[in-house]
Amino acid sequence: MISQFFVLSQRGDNIVFRDYRGDIQKGSAEIFFRKVKFWKEDGKEEAPPVFNLDGVNYIHVKVVGLLFVATTRNNLPPSLVLELLQRVARVIKDYLGVLNEDSLRKNFVLVYELLDEVIDFGYVQSTSTEVLKSYIFNEPIVVDAGRLPSLGPAALFMQGNKRMPGTAVTKSVVAHETGGTKREEIFVDVIEKISVTFSSSGYILTSEIDGTIQMKSYLSGNPEIRVALNDDLTIGRGGRSIYDYSGSSGSGAVILDDCNFHESVHLDSFDVDRTLSLVPPDGEFPVMNYRITQEFKPPFRINTLVEESEHFKAEVILKIRAEFPSSVTANTIVIEMPLPTYTTRVNFELEPGAVGQRTDFKESNKRLEWSLKKIVGESEHTLRVKLTFPQELHGNITKEAGPVSMTFTIPMYNPSGLQVKYLQIAKKTKTYNPYRWVRYVTQANSYVARI
Amino acid sequence: MAPPAQSQKSASPSQPSGKGEVSDVKMQLRQLAGSRSPGTDDAKRELFKKVISYMTIGIDVSSVFSEMVMCSATSDIVLKKMCYLYVGNYAKYNPDLALLTINFLQRDCKDEDPMIRGLALRSLCSLRVANLVEYLVGPLGTGLKDGNSYVRMVAAIGVLKLYHISASTCMDADFPAMLKHLMLNDKDAQVVANCLTSLQEIWGLEASTSEEAARERETLLSKPVIYYFLNRIKEFSEWAQCIVLDLVAKYVPSDSNEIFDVMNLLEDRLQHANGAVVLATIKMFLQLTLSMTDVHQQVYERIKAPLLTLVSSGSPEQSYAVLSHLHLLVMRAPFIFSSDYKHFYCQYNEPFYVKKLKLEMLTAVANESNTYDIVTELCEYAANVDIPMARESIRAVGKIALQQYDVNAIVDRLLQFLEMEKEHVTAETLVLVKDLLRKYPQWSHDCIAVVGNISSKNVQEPKAKAALIWMLGEYAQDMQDAPYILESLIENWDEEHSAEVRLHLLTAIMKCFLRRPPETQKALGAALAAGLADFHQDVHDRALFYYRLLKYNVTVAERVVDPPKQAVSVFADTQSSEIKDRIFDEFNSLSVVYQKPSYMFTDKEHRGPFEFSEELGNLSIDTELADNVVPAQRVEANDKDLLLSTSEKEDNHGASNNSSAYNAPSYDGSRMVAASQAQQDLVSLDQPPPADVPASLAIDDLLGLGLPVAPSPAPSPPALKLNAKAVLDPNSFQQKWRQLPLAASQEISMNPQGVSCIVKSSGSSSAYARSFHPLHCFRWSSPELQVLFLRTKRGRAFYLSCGLYFNRLCPNLVCLRDQSWKKMIE
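Chains A and B, in that order, give the protein sequences. Numbering-wise (the numbering used here), the first sequence opens with residue 1 and increments by one. Numbering-wise (the numbering used here), the second sequence opens with residue 1 and increments by one.
Accuracy of the hints is not assured; some may be wrong.
[What the hints assert, rightly or not] If we take Cβ atoms under 10 Å as the criterion, some of the chain B residues that face chain A in the derived model are:
1. N89
2. R128
3. L308
4. F335
5. Q347
6. E350
7. V593
[To be verified] Straight-line distance between alpha carbons at most 30 Å, and here's what the computed DSSO-like set of lysine-lysine pairs gives:
8. K297/A <-> K193/A
9. K133/A <-> K145/B
10. K49/B <-> K133/A
11. K427/A <-> K133/A
12. K92/B <-> K110/B
13. K580/B <-> K35/A
14. K374/A <-> K193/A
15. K26/A <-> K49/B
16. K319/A <-> K297/A
17. K319/A <-> K193/A
18. K234/B <-> K428/A
19. K457/B <-> K40/A
20. K304/B <-> K297/A
21. K193/A <-> K304/B
22. K421/A <-> K234/B
23. K399/B <-> K580/B
24. K106/A <-> K49/B
25. K106/A <-> K19/B
26. K313/A <-> K457/B
27. K40/A <-> K366/A
28. K297/A <-> K342/B
[Unchecked claim] Coverage of chain B stretches by chain A, computed from C-beta distances (three or more under 8 Å per stretch; other residues unrestricted):
29. 148-158
30. 187-200
31. 271-283
32. 379-393
FYI, nobody ran anything at the bench for these hints, they're computed from the structure. A virtual CB, placed ideally from N, CA and C, is assigned to each residue, including glycine.
Please model the complete structure; the sequences and the hints are all you need to start from.
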């Protein structure tokens with residue numbers, strides 16, 4: 001059982017503080033924050049999520065820059081506490097619509113109300129937004145989501161996709177909209193985070209997809225829902241080593257290494273027709289998580305060329321090629337590359353007519369940053385960078401620079417080919433026809449090219 | 001309104017101000033208390049919010065207690081909740097005022113609305129005021145029988161709260177029996193789960209004093225109860241499932257069919273999206289199959305994919321927790337992840353704590369087939385701009401090299417690191433090359449060639465410098481410039497701030513002198529002179545010792561400082577297999593993350609489900625000379641001590657030099673100290689010491705007293721009697737043995753000739769257990785202390801296990817004599 005739960009801001013202020021067992025001294029939040037802040041003298045190492053100080057275990061997760069912390073004197077399962085902390089953050093988000101410091105501060109009474117019901121005397125009672133609804137009486141004070149930096153995977157739909165009502169994903173499960181009626185709608189998001197490592201010769205060393213089918217339901221009356229996935233979906237790769245690519249490519253079937261499901265999901269017919277049936281609880285939750293190491297076509301190819309031009313100079317040429325269809329557009333692309341620490345000056349040369357591109361040399365950590373607002377499929381972009389060094393070069397500068405890393409978001413595209421074939425909602429009346437949003441998005445998790 | 005935002009930004013918890021604001025609020029509350037005008041509730045809400053926001057940031061608002069209570073007469077549930085929260089926080093410190101709240105809470109406990117009843121009951125039980133418990137018993141009893149499940153749920157936990165305020169009141173009211181009845185009959189799964197948690201805690205705490213409670217606790221693990229829970233498992237919330245699974249993990253099924261039934265029933269829990277459920281299930285699977293080796297292996301295969309999914313699908317924090325568990329599993333079964341090594345490649349955006357664990361995984365899974373790939377990947381990280389990461393990666397390469405038979409390629413890689421000319425890379429690599437040479441002296445030729453090219457000016461880190469100096473001394477005959485490099489280092493003696501480096505410098509110049517006297521004599525003189533003038537005690541003592549040794553007899557000096565040496569075959573494991581077993585028993589707990597059994601980091605009363613039958617874990621050997629560390633740390637220190645890495649040994653050495661042993665007036669200072677130093681040196685550096693040295697060493701270490709090695713002339717060692725006939729038969733001894741928490745542990749293998757004394761790291765502990773045929777069992781006893789020795793034979797090696805049992809705290813230093821030891825090893 002946990003003893004205390006608290007949320008700290010980035011500066012270490014208590015936003016909420018709840019003591020459940022009274023067996024840990026009051027100053028624990030401060031002790032915790034000081035320890036996390038100064039974990040190592042040089043401040044370079046991040047504190048691990050679990051540590052013990054004088055017999056007190058501090059367990060924390062970072063969510064949108066806030067620290068969600070639990071303390072205990074007992075030898076608890078760490079994954080339980082960490083999962084709980086994430087879940088508390090999610091429940092709060094469900095209620096407030098937006099989770100950030102501002103919304104927490106404005107709604108701290110509601111948060112206390114939630115905490116009272118989620119945990120009693122240190123034992124978890126319920127983290128189901130649905131169940132909690134009947135115990136919660138505070139009305140959320142909605143903060144303006146538009147002005148605030150958005151968060152969570154769902155938020156990425158707000159930009160660049162005009163069809164989607166921006167407020168939908170950030171609205172509270174309990175707040176009433178103007179007019180008093182709730183809009184009947186359900187969101188199903190297929191989110192794939194991809195990790196690819198290219199060797200210096202462009203060969204793919206590792207690739208992995210971590211996918212989630214996320215659901216957020218605003219349907220009243222808890223109708224049953226059926227979600228059909230690809231017919232040829234296969235789970236598990238038998239005895240073969242998962243990195244054995246031979247024979248798996250080309251067939252077109254989606255092969256998951258492994259997956260897990262939300263507890264509301266019934267798998268009765270899953271083996272027969274790859275259909276998940278569930279009664280979605282309120283709030284946001286993952287219907288299914290999956291993992292794929294089957295080979296897939298990486299959306300971007302990165303080409304890096306480093307040339308020593310003169311004694312004190314070198315040139316770096318970065319080339320990015322989008323390998324997805326031209327109907328798809330990637331957005332918020334950032335490419336980063338550490339440069340030799342002794343680099344003194346950097347000159348950028350963008351391709352002629354470049355729009356929405358920005359370059360920057362971060363002096364403090366000697367990194368070049370190239371950001372592009374969007375990249376249309378099948379296009380190619382190049383950046384030339386001239387580096388100046390104070391003294392003559394010794395050794396190979398490719399050993400002092402790189403690797404190139406890339407972050408991006410590609411809406412309406414997922415490399416695994418996993419699809420929601422249909423989304424069936426049990427009808428209550430003939431006229432009942434709620435909005436259904438099925439969306440796909442791909443995000444870079446760790447997208448790295450060595451040089 | 002916006003109460004908290006502004007004020008909070010200025011007021012940090014450390015400097016609570018706001019006295020003015022508090023009295024302001026007090027005034028306003030007073031005005032509102034009697035008011036019945038419309039809108040009062042809204043005004044109250046704002047005020048209450050203000051009070052709670054002050055409370056949150058640490059401003060003491062206990063002074064408005066009576067006003068809050070006066071304002072609490074309301075039907076507004078939001079107001080009530082805020083009031084309850086406030087009261088719960090301050091009642092403990094205002095027991096008299098808390099009485100004021102009893103009235104309205106009791107009234108609310110009889111409210112029509114079950115929500116209000118539940119809330120009131122919960123707050124009533126949360127007051128934590130001992131002299132109010134009499135008011136709790138009635139409402140709790142009613143609450144447990146309430147028609148509404150919410151109220152029963154609250155009441156079930158309420159009983160536990162009552163128990164913590166006043167155990168006797170709780171037991172006298174016979175609440176545990178009521179909980180048990182509810183647990184076995186209630187329709188609502190959450191009520192059942194709460195009853196179970198409360199009962200587990202109450203009976204767990206009562207069990208030490210009450211036999212009945214101990215029996216009741218056992219019945220929770222009886223077949224009917226377990227089956228009752230298992231049959232309802234799907235009704236429980238995911239969190240309650242974790243509690244049930246934890247309970248089932250302790251259940252001992254009667255036969256293998258039962259085990260399979262349970263596992264089949266729960267297998268789908270492995271596909272749960274909640275990591276806590278998956279890990280709880282895994283723990284249960286592992287525990288149930290412990291006795292069935294084949295099935296146990298299948299379990300490893302089965303849990304692999306779900307665990308890897310958790311690593312990649314969860315938050316970095318969750319990955320960290322799961323990776324810690326993977327690491328524990330892979331130490332027991334290295335083969336399970338050996339083909340999945342690519343999963344442990346680091347992603348560039350992961351936090352350092354995750355990367356570090358992944359590196360540990362990569363070292364653990366490295367075997368003949370994948371080492372090449374892994375080392376190639378690690379070399380990429382070593383060139384990384386992220387310095388801590390680069391360092392860890394190089395260390396990982398080194399660890400792999402030390403555990404492999406074929407290190408050919410790895411040595412080349414390591415030497416390439418030295419050519420990268422990055423200071424931190426060079427530093428880490430030097431330390432590794434030194435360790436490698438101690439294990440594979442055959443590589444000295446290749447290594448020395450590269451190391452010789454490194455300018456000592458480019459090496460600044462003490463550990464690296466010490467490693468370089470060690471190599472210069474050790475391979476003085478192969479390195480042309482060795483005497484001259486050492487000489488220049490000695491010239492800069494005063495600028496060398498690290499005592500560790502100066503100590504190594506002394507030893508290195510001695511070795512160099514013994515091999516190339518003419519070239520080194522001058523430098524040796526300078527070094528000894530500088531050493532004798534050194535302000536650091538250890539450095540001074542070592543210089544003096546060398547000086548006298550040389551004066552006495554150079555041949556003897558050579559035998560002490562630079563004897564022929566054997567390669568280290570296995571570096572000591574940091575942890576004994578028993579500690580590892582204990583951590584495995586505590587799978588799915590913080591022990592796994594900390595890599596320590598729970599007795600090392602929790603107080604006794606918080607150990608929860610992992611109880612221990614003895615208080616040995618807490619034992620404190622309060623000797624006069626040792627630094628007063630808590631036992632847990634000492635145990636750890638001892639474990640660390642087993643790491644035979646030169647530098648670390650030297651560190652410990654340095655750390656202990658403050659202890660009085662070194663300055664003890666009772667014995668002839670310098671000689672003894674020097675001797676002890678030499679012994680440490682002998683053991684820690686490089687070679688099998690003469691036969692009689694390890695004996696005393698081993699005894700000290702076995703005792704885990706953390707003593708300096710010098711056989712300490714303790715004033716009066718308690719008379720110990722050797723009982724040649726074992727009092728226990730091997731089986732019951734074995735049983736007792738397993739129950740004991742570990743004070744310190746070390747495995748020593750001694751070959752029959754008793755020549756070498758190598759700390760042995762045992763591989764799989766189950767293999768160890770299987771080959772464990774007790775041969776002899778000895779016991780010493782005195783009123784304070786019992787020492788048990790168990791001698792076993794495995795293959796050609798004899799194993800001597802030693803257990804220490806303290807009857808009570810022993811203020812005197814216990815000293816075992818060499819003779820008795822010799823008797824032991826015959």
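- Given the proposed pairing of K193/A with K304/B, does the C-alpha separation stay at or below 30 Å? 21 Å, holds
- Item | Distance restraint between K304/B and K297/A, which requires alpha-carbon spacing of 30 Å or less | Distance of about 26 Å is within 30 Å: holds.
- Is the straight-line distance between the alpha-carbon of K457/B and that of K40/A 30 Å or less? Given pair K457/B, K40/A holds - Cα atoms ~27 Å apart, limit 30 Å.
- Given the proposed pairing of K319/A with K297/A, does the C-alpha separation stay at or below 30 Å? Holds: K319/A and K297/A sit about 18 Å apart, inside 30 Å.
- Interface hint for N89/B, Cβ within 10 Å of any Cβ on chain A: Interface hint status for N89/B: holds (7 Å vs cutoff 10 Å).
- Task: Verify the proposed pairing of K399/B with K580/B, using a straight-line Cα cut of 30 Å.
- Result: 19 Å, holds
- Between K297/A and K342/B, does the CA-CA distance stay at or below 30 Å? OK: K297/A and K342/B at ~19 Å, within 30 Å.
- Message: Hinted pair, alpha-carbon criterion (30 Å max): K234/B, K428/A. Please report holds or violated.
- Response: Distance of about 27 Å is within 30 Å: holds.
- Agreement of K421/A and K234/B with the hint, judged by alpha carbon distance not exceeding 30 Å: Since the Cα atoms of K421/A and K234/B sit roughly 29 Å apart, the hinted pair holds (cutoff 30 Å).
- Regarding the pair K106/A and K19/B, is the alpha-carbon distance no greater than 30 Å? Holds: K106/A and K19/B sit about 23 Å apart, inside 30 Å.
- Task: Answer holds if the nearest beta-carbon of chain A is closer than 10 Å to that of R128/B; otherwise answer violated.
- Result: Constraint on R128/B satisfied, holds at 6 Å.
- When the nearest CB of chain A is found for F335/B, is that gap smaller than 10 Å? 13 Å, violated
Going down the numbered hints, you'll see the structure goes against just number 4.
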